[in-house]
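Novice: Under the UniProt record's numbering, think of the first position of the sequence shown as 1, with each following residue one higher.
Any given hint might turn out to be false.
To be verified - Label-pair distances were calculated between CB atoms; the ranges are:
#, residue 1, residue 2, range
1, LEU63, GLN433, 42 to 48 Å
2, GLU28, GLY182, 34 to 40 Å
3, PHE722, ASN267, 47 to 53 Å
What the hints contain is simulated information worked out from the structure, not anything from laboratory work. All figures in this text were calculated on a predicted structure; none of them were measured in a lab. Heads up, the beta-carbon is just placed ideally off N, CA and C, and yes, glycines get one too.
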Amino acid sequence: MTSHLSKNIGNKTVTHVLGYPRIGEKRELKFAQEQYWKGDINQTELKQVGSELRQRHWNDQALSGLSYVTAGDFAWYDHVLTTSLLLGHVPARHSNGGAPDLDTLFKIARGQSAVTSRASADEAGCGCGSRHEEGEGVAASDMTKWFNTNYHYIVPECRQDDSFQVSWPQLFDEVKQAIQAGHNVKPVLLGPLSYLYLGKEVNEEEVENGFDRLSLLARILPAYQAILSTLSELGVEWVQIDEPILSLELDEKWSSAFKPAYHALANKELTGEVKLLLTTYFDSVADNLVKIVELPVNGLHIDLSASPGQLDAVNAAVPQDWVLSVGVINGRNVWRADLQAWLEKLQPVKAQRGDNLWVASSCSLLHSPIDLELETELTEEVKSWFAFAKQKLNEVSLLGAALDGNGHAVEACASYSQPIKARLTATHVNKPQVQQRLNGLTKVLGERSAAYSERAHHQAEVLGLPLLPTTTIGSFPQTAEIRQQRSAFRTGQLNQAEYEQALKGHIQEAVKRQEALDLDVLVHGEAERNDMVEYFAENLAGFQVSRFGWVQSYGSRCVKPAIVVADIEREKPITVDWSVYAQSLTSKQMKGMLTGPVTILCWSFPREDITRKQIAQQLAFALRDEVDDLQNAGINIIQIDEPAIREGLPLKKSEHKEYLEWAVHAFKISAASAKPETQIHTHMCYSEFNEIIDSVAALDADVITIETSRSNMALLKAFEAFNYPNEIGPGVYDIHSPNIPSQEWIVSLLETAARKIPVERLWVNPDCGLKTRNWAETEASLHNMVEAAKTLRQQYQA
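Full structure from sequences and hints, please.
Specialist: What follows is the structure in structure tokens.
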């Protein structure tokens, strides 16, 4: 069938993006989802919001001059879960017995409590919007990070008897909608190998008997053939088939599976006349290039933003009759592209490949904020450095026109690139005083003045803590009153003095509640902090925060990363006054709370003109000064949180060692100003500690607190086998759940922990901060935690 979707492309360089943010400029999708989960709108109204957003986003792509609009990138929760429904791959506990629907999708993502009505389902946090009978409570599927991004996906659950059948019409409906609107459409589809790779086997007995989810490939391919056939019937010419795992160092069994799989997808009798653009991103494909070029596909997309050095090798290897789509506009950051530099680099490739060179975003733009024009509070200079998703569409289009020899576009590329070039020598960006400090960096600057064994003796004497000391991770409930007061301060309804007085009231309340609970080490509660990273970004020179720079994390959860715009320095203390005030309210030890350098880096948009390592080092020096000021002000315990250190690992294992070396050193620089009697804590969220346990130990924190309650302390096996030398606080209850843990449950967990870690080195704490919980849940849980610790003290000291 001849496509009717390739009109007006002609001999111009084809331009496209791999996906577009789905949340809406003002987070319209988020608010509609949450209204639906609460029962305030019905499914028809929710779907209407989605339809309007898709139309708007397609129009943005078409008006920018792109050759294709991308369909199939919209998701009600995340695109991997959308693929699961498309394939009819629904866990049995979530199935309604028929074809999956939107409520099925939300049930997989969010779980369902055992309730008897829609109202009670919403109150219980199910949010699937349908009526349930008592006893129907089911757990959500697991969620994890999408490669090395801060986006999350719902993990496909794989069982030996799984079957696959096209069951969810969303992709086809969206393609039809785009066609009816008059657009040239390029659907996007997560490929079969990446889909299975991103899943997990969920039945241990099946795994013990040899089951491997890759064995499902032969069963899943007919569903993919049917999908491609339907798209062909709709008149689609090109399908973007995403296989991001081709950027990994794959095991032989996975890399070898591509050839037979794609020969099946190239069977025109079963798949129709669609052409396949094999799409990779987030890193180089060099490790798999030999096998990629043997595949029966029609083109390859590579991420030159993440790995510019792969261009020559890929261009030489890819057949001349293939399309080579080059992702040069960074979909994961906010910086304006140097279009002039890319034009010069790509012109020889254009001369060689002609129309078979396409220009694109590096990856989906869902990792980028949507529209820079909404940021009316930015200076013109700062604004000239950025490009959000909407502006990146124009970058792709302009570069494509320049490659076609359009003189106006060539001149426009040069002009467009000037602000980025000017930054390279600007002294307010590259600060001599910061550079001088980094130039004096040595390995010794990351070392404490005494070994842990000596520090432990000093700390025991100064702190006077009991066996199994109790504490929390840092934050306490961010109540509606706190959020309202923060908003009132930002809008000018509260002045500085009034706002600070209100915050002091919340600190007083937090200290009073902790003393009543008889916790051993207190925290001030972090009422002044909007976010553990954004708060520090607002108080460190070198950062820019946005007003509407929201990015989807998962479902309706959006985050607003700060942007590193210049060399980072601390111009004045950030947390000292709050910690000192809190300490003045109690005779117990008050813990200072900082976010670590690697976490601030990983959860911000970094600069592109210097390395991540350099940014981490700048942050480390700023935090080092804060640690010194805290201890000099009488704060003897300081926690430097590093929940992102594991997720910062590069995709390729061969690059892990270098990253861990500088990441660990950055943390150590931040902590090394601490005197022997100052106790340094760190906290890490859900992490596979086994593969980085050496590096965790190398941090040399006096105390590490970790999340272990969900695994019933199983994560401690890593520390037991390694013989971790310092103190550990294994989280004894899951703060993500409203359930109140019993004293008996906590005692049993601590007894399990004490069999793996000497009790003299154990702390007792929740597994994460309490920001999202209410006070009733918090106090009840902490009461049981403190009483459990007291019970065990008597037992071990008897």
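Novice: Is it true that GLU28 and GLY182 lie within 34 to 40 Å of each other by Cβ?
Specialist: violated (23 Å)
Novice: When you take the CB atoms of PHE722 and ASN267, is the distance between them in 47 to 53 Å?
Specialist: holds (50 Å)
Novice: Do LEU63 and GLN433 keep their Cβ atoms within the hinted range of 42 to 48 Å?
Specialist: 45 Å Cβ-Cβ, so the 42 to 48 Å window holds.
In the structure shown, a violation is registered for the earlier hint numbered 2 alone.
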